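J.: Based on the provided sequences and hints, a complete structural model is requested.
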Amino acid sequence: MTTNDFARIVNASIVTILCGLSPSAASGQSLNSNHAFAKSDSYIGEGSSVLIAQAKKTPPQAAVEVKAPVATPVEVHKAQATKSTVNFNERFKGNWQMYLQNPSHSALTGAFTVPLTGKLRWSFPAEGAVDSSAAVYKGAVYVGSDDGNLYALDERNGRMLWRAKLGDKVKSSPAIDNNVVVVGCEDKKIYGVDARTGKILWTVDTQDRVSSSPIVFDGVAYVGSWDGNVYAVDIQSGALKWKFQGEGRITSSPAHTGDSVIVTSHGGYIYALSMRDGSLEWQLKTSGKIFSSPLVMDGMVYAGSWDKTFYAVDLATGKTKWKFTGAESFSISPIGSGGKIYVGNDDLKMYCLDAHSGKMLWKTQLNSPVPLLSSSPALGGNMLYVGSSDSYLYALDSRNGGIKWKFKTQRPIVSSPSISTSGVFIGSQDGNLYLVN
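Going letter by letter, the sequence shown gives residues 102 to 538 in my numbering.
Calculated directly from the structure, the hints in this document are not laboratory data. Each hint should be verified, as a subset may be incorrect.
Stated by the list, open to error - When the alpha-carbon atoms are kept at most 27 angstroms apart in a straight line, the in silico DSSO-like pairs for lysine-lysine are as follows:
no., residue 1, residue 2
1, K266, K289
2, K266, K290
3, K342, K289
For clarity, every value in this text was computed on a predicted model and none was experimentally measured.
T.: Have a look at this one:
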């Protein structure tokens with residue numbers, strides 16, 4: 102999910118009005134900055150599957166609540182005008198180089214050997230909401246903000262290394278490869294930025310906002326725009342290799358596997374495109390808008406739609422293998438590992454599904470002041486991390502859905518978690534990027 106499209110609370114009065122509506126009831130119009138919740142790339146149900154699924158009963162567990170300090174966090178660093186060069190540290194492992202970690206969007210890392218406890222390590226205050234999700238690479242952390250800046254921070258302490266002023270809000274989540282950071286911006290541009298210095302290397306103009314989060318593979322960035330196009334851009338030169346025109350806005354993040362790029366759109370389509378030239382290989386039409394970014398795993402494509410259906414599609418043919426029906430829309434992006442799919446529904450529940458059959462293995466109730474989820478999950482070891490618009494970062498046991506702990510920020514969370522050996526990074530609309538471990 103992308104952020105201006107999806108999950109942002111504008112003010113309490115509008116939220117109150119919106120709470121009476123479900124996303125599916127409002128599906129005739131696209132959410133935008135005039136609505137209480139504008140859906141996001143990092144954005145995003147109880148359902149019965151086409152294959153009858155019975156949830157496993159798991160005993161309720163008491164969650165440990167950890168609150169972010171209201172006054173002075175463990176370490177707070179004000180953004181300064183001065184810049185310093187990023188010196189990459191090879192000792193830092195568990196890189197998270199793009200939205201949902203990798204081009205296939207599994208959002209999985211094996212970085213942890215011990216469980217986290219939900220304690221704040223440091224926080225960095227930007228000058229606007231942080232709906233962007235962090236990219237973490239060799240000791241440096243990159244994240245965008247509504248203040249129009251792309252920040253580079255020291256992973257050890259949150260100290261700002263540099264900031265690059267872009268042309269508008271940065272809700273897109275950055276991707277880094279070969280010392281180039283690629284990120285979209287609401288000024289209708291895609292930016293390539295030097296990862297060491299923050300110097301803007303190139304820009305690509307689109308015809309509308311870019312809240313889609315890029316993926317980078319083999320020197321090429323793939324990113325969508327509100328203009329309905331997917332752009333393939335050489336990350337060293339900024340040269341446009343190809344673009345594909347879909348139906349409806351593209352605010353999700355593309356996925357890559359083999360020779361194909363998978364894209365979803367507000368027109369309700371899942372597209373498979375040739376990585377070489379952007380030509381259409383197949384398309385699947387759903388009955389609702391798609392904000393969810395696709396997951397590609399074991400020869401299958403997974404994505405949820407606002408038609409209340411979660412789809413499992415054969416990557417080679419585009420044929421639907423199974424469907425899982427939710428109580429409400431599917432807005433946030435799924436992730437997967439070990440034959441399991443983790444996905445949230447706008448009934449405010451997280452679900453674990455069998456990747457081969459769609460059978461529901463467990464579900465867990467979360468909380469939100471609005472009727473949709475806004476943050477996509479990430480998986481570290483046996484823990485599933487997900488943010489919510491109730492301002493909490495939740496840590497769930499991925500084996501049974503039990504809530505282990507939750508960390509409170511001061512405003513709703515649209516950003517999706519990023520994970521490294523240092524802990525879990527999460528942005529909040531309170532303007533902070535937090536490192537929790």
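J.: Each of the hints needs a verdict: does it hold here or not?
T.: Structure-based check of all given hints:
For the hint linking K266 to K289, the alpha-carbon distance of about 15 angstroms falls within 27 angstroms, and the restraint holds. About 13 angstroms separates the Cα atoms of K266 and K290, which keeps this hinted pair within 27 angstroms; it holds. Under the criterion of a C-alpha separation no larger than 27 angstroms, the hint pairing K342 with K289 is consistent with the structure, at around 18 angstroms.
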